[in-house]
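Q: Protein chains in written order, with the working numbering: chain A, 18 to 389; chain B, 18 to 389; chain C, 18 to 389; chain D, 18 to 389.
What the hints contain is simulated information worked out from the structure, not anything from laboratory work. This one's a predicted model, so the numbers in the text were calculated from it and none came from an experiment. Keep in mind that the hints are not guaranteed to be accurate.
Claimed, not checked - Only some residues are given here: those of chain A computed to face chain C with a beta carbon under 10 Å:
| hint | residue |
| --- | --- |
| 1 | 34 |
| 2 | 43 |
| 3 | 44 |
| 4 | 235 |
| 5 | 237 |
| 6 | 318 |
| 7 | 332 |
What the hints assert, rightly or not - Once the Cα atoms are required to be at most 30 Å apart in a straight line, the calculated DSSO-like pairs of lysine-lysine come out as:
| hint | chain 1 | residue 1 | chain 2 | residue 2 |
| --- | --- | --- | --- | --- |
| 8 | A | 280 | B | 287 |
| 9 | B | 76 | B | 197 |
| 10 | D | 234 | C | 242 |
| 11 | C | 287 | D | 234 |
| 12 | A | 234 | B | 358 |
| 13 | C | 280 | D | 234 |
| 14 | A | 242 | B | 287 |
| 15 | C | 234 | D | 76 |
| 16 | C | 287 | D | 280 |
| 17 | C | 161 | D | 67 |
| 18 | D | 76 | B | 76 |
| 19 | C | 280 | D | 161 |
| 20 | A | 161 | B | 328 |
| 21 | D | 67 | B | 280 |
| 22 | D | 328 | B | 358 |
| 23 | B | 358 | A | 280 |
| 24 | C | 280 | C | 234 |
| 25 | D | 280 | C | 280 |
| 26 | B | 358 | B | 372 |
| 27 | C | 328 | A | 358 |
| 28 | B | 328 | D | 67 |
| 29 | C | 328 | C | 358 |
| 30 | A | 280 | C | 328 |
| 31 | D | 328 | B | 280 |
| 32 | A | 234 | B | 280 |
| 33 | A | 328 | A | 358 |
| 34 | A | 76 | A | 140 |
| 35 | A | 67 | C | 358 |
| 36 | B | 67 | D | 280 |
For every residue, glycine included, the Cβ atom is placed at its ideal position computed from N, Cα and C.
Protein chains: 4
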Amino acid sequence: MDRIGVALIGTGFMGKCHAMAYGAVKAVFGDVPVVDRAVLCDVVAAHTAKCAADWGFAKSTTDWRSLLSDPSIQLISITSPNGLHREMAVAALEAGKHVWCEKPMALTIADAEAMAAAAANAKGQATALGYGYLRNPALQFARKLIAEGAIGEVFDFRGSVDEDYMADPALPWSWRLTRKDAGLGTLGDLTVHLISLAQELMGNISSLSAMVDVVHKQRPAAGGKMAEVENDDIAHALVRFASGARGVLSSSRIAHGRKNGLKIEVHGSKGMLWLDNERMNELNLYVAEGPPEQRGFRRILSGPYHAAYGKLCPAPGHGLGFNELKVIEAAELLYAITGRKSESVNFERGIGIEKVIHAFATSAETHRWVEV
Amino acid sequence: MDRIGVALIGTGFMGKCHAMAYGAVKAVFGDVPVVDRAVLCDVVAAHTAKCAADWGFAKSTTDWRSLLSDPSIQLISITSPNGLHREMAVAALEAGKHVWCEKPMALTIADAEAMAAAAANAKGQATALGYGYLRNPALQFARKLIAEGAIGEVFDFRGSVDEDYMADPALPWSWRLTRKDAGLGTLGDLTVHLISLAQELMGNISSLSAMVDVVHKQRPAAGGKMAEVENDDIAHALVRFASGARGVLSSSRIAHGRKNGLKIEVHGSKGMLWLDNERMNELNLYVAEGPPEQRGFRRILSGPYHAAYGKLCPAPGHGLGFNELKVIEAAELLYAITGRKSESVNFERGIGIEKVIHAFATSAETHRWVEV
Amino acid sequence: MDRIGVALIGTGFMGKCHAMAYGAVKAVFGDVPVVDRAVLCDVVAAHTAKCAADWGFAKSTTDWRSLLSDPSIQLISITSPNGLHREMAVAALEAGKHVWCEKPMALTIADAEAMAAAAANAKGQATALGYGYLRNPALQFARKLIAEGAIGEVFDFRGSVDEDYMADPALPWSWRLTRKDAGLGTLGDLTVHLISLAQELMGNISSLSAMVDVVHKQRPAAGGKMAEVENDDIAHALVRFASGARGVLSSSRIAHGRKNGLKIEVHGSKGMLWLDNERMNELNLYVAEGPPEQRGFRRILSGPYHAAYGKLCPAPGHGLGFNELKVIEAAELLYAITGRKSESVNFERGIGIEKVIHAFATSAETHRWVEV
Amino acid sequence: MDRIGVALIGTGFMGKCHAMAYGAVKAVFGDVPVVDRAVLCDVVAAHTAKCAADWGFAKSTTDWRSLLSDPSIQLISITSPNGLHREMAVAALEAGKHVWCEKPMALTIADAEAMAAAAANAKGQATALGYGYLRNPALQFARKLIAEGAIGEVFDFRGSVDEDYMADPALPWSWRLTRKDAGLGTLGDLTVHLISLAQELMGNISSLSAMVDVVHKQRPAAGGKMAEVENDDIAHALVRFASGARGVLSSSRIAHGRKNGLKIEVHGSKGMLWLDNERMNELNLYVAEGPPEQRGFRRILSGPYHAAYGKLCPAPGHGLGFNELKVIEAAELLYAITGRKSESVNFERGIGIEKVIHAFATSAETHRWVEV
């Protein structure tokens with residue numbers, strides 16, 4: 018496959034991110050098809066047309082269903098609100114398209130499972146979910162170190178994912194705070210990322226005990242009234258991995274000062290490593306070797322010897338940005354589409370993440386440990 | 018009271034620490050009695066006599082009971098193995114002595130309660146437990162900021178306490194790894210410190226769900242055999258505070274790379290603060306004020322405007338050390354003894370900490386949330 | 018101008034970087050012309066053709082002079098070895114093309130001045146030099162803070178630029194280590210970046226006293242012999258700015274552990290700020306305001322409120338990468354070309370940087386302070 | 018020698034610091050004489066008497082000359098204003114006393130040389146200067162690593178020493194800002210520390226080019242007038258070491274945000290190390306060994322395996338404070354007095370530091386490189 022035609026649904030933060038990734042991936046990686054940006058789709062015609070022109074799409078539309086029958090399109094990116102993911106993704110798969118859908122998969126586990134079923138029934142199309150942080154070369158280097166036994170047997174995982182986009186209690190109420198239209202809160206927005214990293218490094222989570230809370234229970238709505246916040250601000254859990262290892266996960270969308278506060282620690286019998294997404298080009302590694310007087314955490318700056326870093330930059334320590342992780346994500350999806358070895362997070366694997374956040378909710382409601 | 022006579026039981030790490038604190042506290046604080054170092058007590062006569070000479074004690078003994086009737090002694094420091102705390106502390110209190118006992122209080126909650134009862138029945142003597150990290154000026158500044166509302170209503174606490182003194186699985190078995198002789202493991206050694214900080218800043222913990230594990234289940238013993246490790250390597254919990262706030266606590270004595278890894282974060286409605294004991298002279302504060310473009314965590318170096326720092330050093334940023342926290346601890350105890358306002362952690366308050374670690378154990382065994 | 022045709026000379030590190038920037042700039046910024054990647058030029062035909070295909074260039078050539086008369090080209094990027102910059106840039110300008118040339122300008126000050134003269138004589142074409150670090154939103158925020166007086170009158174500048182690409186004394190000799198073919202060493206590769214930042218924030222340097230050394234004087238060459246290193250490993254200087262302020266600059270290409278170690282500090286009468294390129298998304302700001310007990314350096318993560326950050330990412334703290342600075346650099350050049358307000362570093366301003374590094378060399382040779 | 022009688026002149030910051038060191042050194046080190054705190058001397062009788070009582074001195078006086086003939090005194094600490102050092106130190110040495118004098122030695126190089134001459138002519142007494150930062154175990158570990166070749170041949174030194182105690186331009190004028198009464202400014206207060214570290218690690222400085230400035234030229238004096246500041250706010254230099262290595266030193270007493278900002282970097286052919294006194298329990302080490310993908314700066318926390326740390330604390334990472342460096346300093350002096358191997362900085366070595374700061378002044382005045 019030399020070329021691939023893509024359509025993109027959505028022109029928001031993630032929409033632009035996918036567009037930039039499609040524009041860059043061939044130049045960066047080389048060994049992928051040329052990406053033809055065919056159609057951009059969103060609800061406001063004029064804005065969509067302007068974005069299409071700027072982002073290099075051949076045309077624009079407000080009718081996402083028109084993409085399904087368009088033979089110039091082989092791959093559809095879905096960056097619409099989460100409540101639309103199921104309908105769009107299932108339709109796209111049934112129409113024979115490859116699908117790249119942003120996370121979380123859907124508002125309910127039933128919807129997510131319907132998506133996974135559609136993927137399982139598809140005729141060989143690839144699916145991918147937007148877990149870009151997994152593509153961070155520093156994270157992949159952590160995974161490699163663990164796989165090679167550099168820190169021994171891993172037995173404890175500590176992770177947190179915190180942002181402050183809802184931290185101000187005076188921020189207004191919106192539909193994003195309802196269960197019906199937006200589903201879960203922090204769990205769907207943030208916790209899923211943490212789980213994706215935890216399972217990447219430690220294997221599957223098998224059981225957990227969680228605490229899920231709305232802290233700022235009401236927010237100002239139209240007309241000077243206060244309206245109920247329905248979805249979670251905070252979600253913490255103790256977890257047990259299938260391997261027998263254990264861990265602690267915490268997450269909050271109301272954590273003042275955290276902008277991309279995704280941090281993990283992996284404890285092993287021979288060492289430890291940790292990573293903080295706010296300094297995403299650094300991996301910190303401690304190995305219990307050599308004279309004790311010389312031991313310490315090593316701050317390793319990402320470089321061309323780490324995963325895909327070298328495709329983007331030959332100079333170590335110069336640093337990748339958030340958007341560039343999406344370029345790597347696009348490459349992995351194109352590898353999957355073209356039948357190559359791929360690290361892409363498909364819908365089947367995505368279900369494994371969705372099940373965990375829904376287990377959080379169940380555990381918190383029942384005040385008990387639950388199996389995932 | 019112009020002078021006070023003290024005896025010290027124990028010549029190990031904590032024993033020397035108490036000795037140094039007694040030697041310094043009058044010079045540092047001025048407004049406390051002169052401390053007469055009367056008797057040093059430990060089991061090996063020659064070593065104890067040598068330490069007494071070096072540490073400025075007038076004499077030494079191997080008979081701790083002889084201290085009880087010695088009229089030159091008003092205060093006894095107990096830094097012996099934890100299994101001896103109850104007997105010594107109760108006897109000292111019954112003999113009319115003030116008591117400064119290292120943490121944890123005892124091997125069992127029953128023993129700790131017996132100590133608290135002895136303190137309650139005492140004729141006005143003061144008791145103190147060795148929670149020195151509470152005396153860190155940076156921590157006390159955090160407490161002040163919270164009390165003043167600088168970060169608004171506090172609703173989330175994250176804390177961990179990790180060291181690596183047992184991290185190497187090849188470290189030999191010893192009596193310290195038995196329940197009978199040493200009681201709890203990480204919970205008694207480390208977790209108690211974390212709880213002391215959590216309760217200092219957030220109020221009491223009311224319920225929790227915990228996970229307590231022995232990870233390295235056997236260690237090499239004499240004769241080339243492996244022996245069972247009975248007490249906990251790792252202790253994690255979700256906690257609920259009486260205030261309604263929540264939190265996550267994690268702790269490990271097998272965390273490679275952590276040497277004094279006691280870290281806390283307090284999340285509030287207007288800001289956040291965090292502290293890491295490995296950089297104990299720094300408090301990090303984020304306040305959601307001013308233009309967003311200028312917001313960030315402020316690294317505040319301890320200085321003479323923070324709690325007792327100025328007694329030890331008039332120059333900001335020059336830094337206190339671990340031992341100096343013990344000097345402040347000694348001063349607070351002397352304030353309690355002389356009837357002044359004191360922050361000393363007495364046995365009654367200590368019981369509040371012991372109950373929490375025993376609730377960890379119960380929760381882990383029953384796999385349920387438990388009330389403290 | 019709706020569209021602009023570009024040619025790119027060079028397929029190395031900087032060549033790919035320019036190509037990625039051309040591919041992204043319209044999508045990222047919107048308010049610039051569409052960039053038509055017309056011709057890619059380098060010396061090896063097959064490799065150049067492959068790169069052209071991957072990077073989205075319509076065709077490729079090995080004859081850079083053919084670009085001069087190509088009417089589809091309005092802008093030429095020059096990323097060839099420094100010794101070729103003069104000839105190519107002057108020819109391009111004489112042919113009526115806009116020019117984006119990598120730094121340093123040339124091997125000698127005479128060559129750089131010839132380039133500046135060609136730019137001055139051009140018929141309105143824009144020129145730009147590859148000082149991408151100036152485009153870092155954190156750096157531009159520093160500049161804005163200084164301009165607004167946030168840290169008062171600035172009087173002291175500390176800067177260093179260190180990498181370790183030549184740190185191993187056993188690295189082989191090459192033509193890059195000769196004066197004839199490569200010109201200056203660290204001064205041309207690294208120090209120019211530091212000077213660009215210093216002059217951006219403090220105004221022009223007027224005099225200096227420098228120390229410029231070859232430390233690893235010989236390196237292994239072909240045939241098992243050692244060959245002389247002719248250009249500088251290390252270049253340090255005391256500087257005086259035209260404003261009367263002062264500063265210290267240090268630079269090294271043999272600084273083990275530094276991968277992109279460009280650090281600056283600006284001291285003012287009301288505060289201080291500092292920045293480290295290895296953590297390029299952070300600006301550290303101290304303002305002497307508020308109660309002393311609450312003062313500290315604020316770690317401000319870059320966000321959409323900082324310069325061009327928001328064009329690339331709406332979410333604060335998610336972080337830009339090195340390559341994205343080049344996208345901003347491209348936008349600024351396109352602004353200059355289209356007659357808009359631009360921050361682009363043109364050849365005239367570039368000469369101001371070249372003069373400083375040549376003053377380093379003169380001062381070091383004469384062992385005296387020199388005027389720039 | 019089992020016991021030694023000491024007198025202490027001065028009750029300020031350094032006076033209390035010496036008193037605490039004398040009170041602790043026997044307990045901490047054991048292998049030194051018992052210190053009898055005989056006499057405390059300062060100008061205000063009541064305050065001195067109060068301090069003597071608190072600090073454990075047997076008596077107090079306001080007549081420093083009375084110490085000279087007191088047979089109970091073998092060692093005199095001089096922490097009086099710098100202008101008094103010469104007279105007191107020379108008299109003490111002539112009276113046969115050992116002397117511990119705070120830095121800098123004196124207001125002029127002539128005075129410092131007179132002190133060194135008195136030391137040279139003494140009958141075996143020891144002298145010591147208050148360069149406590151040299152006693153930091155992290156710094157001594159750096160020295161050990163360098164001596165063992167861990168970072169290869171060292172060729173570049175970067176250092177800065179910055180505080181902000183005079184940073185506010187509105188701080189009032191005082192005698193401390195005059196040459197006559199206070200001598201040099203930043204050079205005497207701060208730069209001497211940096212030089213002490215530079216020479217400890219790199220050997221002697223042989224020549225330098227300096228820039229020494231008063232930035233805030235006038236400060237508010239009594240009566241609403243402005244008065245001239247005579248001594249230096251800022252002192253920067255390029256230096257050449259006798260070994261052929263080079264370096265850059267910067268220093269400022271008007272550096273907002275720096276509280277104890279003494280930082281050094283040592284660059285070697287096989288690695289690099291750096292240290293920041295605001296985090297004095299950490300040494301950062303990079304060694305160019307092992308696979309490049311695993312290289313990074315190691316943050317090594319001080320522990321009992323580093324120099325004298327273990328005398329103060331057996332637990333790594335628990336951290337020493339500023340005051341404890343003075344305890345180690347006292348021990349080294351007592352080792353010198355008792356004829357043991359000692360790292361104490363005596364007057365002869367102190368002259369080597371004084372010569373450098375005076376060379377700074379000469380270079381800045383003449384605008385030339387000068388030999389030290």
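Q: So, for every hint listed, does it hold in this structure?
A: These are the hints, each one checked on the structure:
1. The restraint placing residue 34 of chain A at the interface with chain C holds, with a minimum CB-CB distance near 8 Å, inside the 10 Å limit.
2. Because the smallest distance between the Cβ of residue 43 of chain A and any Cβ of chain C comes to about 6 Å, under 10 Å, the interface hint for this residue holds.
3. Nearest Cβ of chain C to the Cβ of residue 44 of chain A: about 5 Å, under the 10 Å cut. The hint holds.
4. For residue 235 of chain A, the shortest C-beta to C-beta distance to chain C is roughly 26 Å, which exceeds 10 Å, and the interface hint is violated.
5. This hint is violated: residue 237 of chain A has a C-beta 23 Å from the nearest C-beta of chain C, more than the 10 Å allowed.
6. A least Cβ separation of about 5 Å between residue 318 of chain A and chain C falls short of the 10 Å threshold, and the interface hint therefore holds.
7. Evaluation of the residue 332 of chain A hint against chain C yields a held restraint, the C-beta minimum of about 7 Å falling below 10 Å.
8. Distance check on the hinted pair: residue 280 of chain A and residue 287 of chain B sit about 22 Å apart at the alpha-carbon level, within 30 Å; holds.
9. Taking the CA atoms of residue 76 of chain B and residue 197 of chain B, the gap is about 33 Å. The hint is violated against a cut of 30 Å.
10. Of the pairs offered as hints, the one joining residue 234 of chain D and residue 242 of chain C is violated, with about 58 Å between alpha carbons and a cut-off of 30 Å exceeded.
11. Under the criterion of a C-alpha separation no larger than 30 Å, the hint pairing residue 287 of chain C with residue 234 of chain D is consistent with the structure, at around 16 Å.
12. Between residue 234 of chain A and residue 358 of chain B the alpha-carbon distance is near 39 Å, which puts this suggested pair outside the 30 Å criterion.
13. Distance hint between residue 280 of chain C and residue 234 of chain D is fulfilled; the C-alpha atoms sit about 29 Å from each other, no more than 30 Å.
14. Note on residue 242 of chain A and residue 287 of chain B: the hinted pairing holds, with a Cα-Cα distance of about 22 Å set against a maximum of 30 Å.
15. Of the pairs offered as hints, the one joining residue 234 of chain C and residue 76 of chain D is violated, with about 64 Å between alpha carbons and a cut-off of 30 Å exceeded.
16. A hinted pair counts as satisfied when its Cα atoms are at most 30 Å apart, and residue 287 of chain C with residue 280 of chain D qualifies at roughly 22 Å.
17. Taken as a hint, the residue 161 of chain C and residue 67 of chain D pair is broken in the structure, with Cα atoms around 53 Å apart against an allowance of 30 Å.
18. The hinted pair formed by residue 76 of chain D and residue 76 of chain B meets the criterion: a straight-line CA distance of about 25 Å does not exceed 30 Å.
19. Straight-line distance between C-alpha atoms of residue 280 of chain C and residue 161 of chain D comes to about 28 Å, which keeps the hinted pair within the 30 Å bound.
20. Among the hinted pairs, residue 161 of chain A with residue 328 of chain B is inconsistent with the structure: their alpha-carbon atoms are about 50 Å apart, more than 30 Å.
21. Distance restraint check for residue 67 of chain D and residue 280 of chain B: the Cα-Cα separation of roughly 40 Å exceeds the 30 Å cut-off, and the hinted pair is therefore not satisfied.
22. Between the alpha carbons of residue 328 of chain D and residue 358 of chain B the distance comes to roughly 34 Å, so the proposed pair goes past 30 Å and is violated.
23. The suggested pairing of residue 358 of chain B with residue 280 of chain A is violated, with an alpha-carbon distance near 41 Å, which exceeds 30 Å.
24. Of the supplied pair hints, the one linking residue 280 of chain C and residue 234 of chain C holds, its CA atoms being roughly 27 Å apart against a limit of 30 Å.
25. For the suggested pair residue 280 of chain D and residue 280 of chain C, the alpha carbons sit about 14 Å apart, so the restraint of at most 30 Å is met.
26. The suggested pairing of residue 358 of chain B with residue 372 of chain B holds, with an alpha-carbon distance near 26 Å, which does not exceed 30 Å.
27. For the hint linking residue 328 of chain C to residue 358 of chain A, the alpha-carbon distance of about 34 Å lies beyond 30 Å, and the restraint is violated.
28. The straight-line distance between the Cα atoms of residue 328 of chain B and residue 67 of chain D is roughly 15 Å, inside the 30 Å bound, and the hint therefore holds.
29. Note on residue 328 of chain C and residue 358 of chain C: the hinted pairing holds, with a Cα-Cα distance of about 17 Å set against a maximum of 30 Å.
30. Distance hint between residue 280 of chain A and residue 328 of chain C is fulfilled; the C-alpha atoms sit about 26 Å from each other, no more than 30 Å.
31. For the given pair, residue 328 of chain D sits about 26 Å from residue 280 of chain B by alpha-carbon distance, which is consistent with the 30 Å threshold.
32. For the suggested pair residue 234 of chain A and residue 280 of chain B, the alpha carbons sit about 29 Å apart, so the restraint of at most 30 Å is met.
33. At roughly 17 Å between alpha-carbon atoms, residue 328 of chain A and residue 358 of chain A fall within 30 Å of each other, so this suggested pair holds.
34. For the suggested pair residue 76 of chain A and residue 140 of chain A, the alpha carbons sit about 28 Å apart, so the restraint of at most 30 Å is met.
35. Restraint check for residue 67 of chain A and residue 358 of chain C: the C-alpha separation of about 23 Å stays at or below 30 Å, so the hint holds.
36. Distance restraint check for residue 67 of chain B and residue 280 of chain D: the Cα-Cα separation of roughly 40 Å exceeds the 30 Å cut-off, and the hinted pair is therefore not satisfied.
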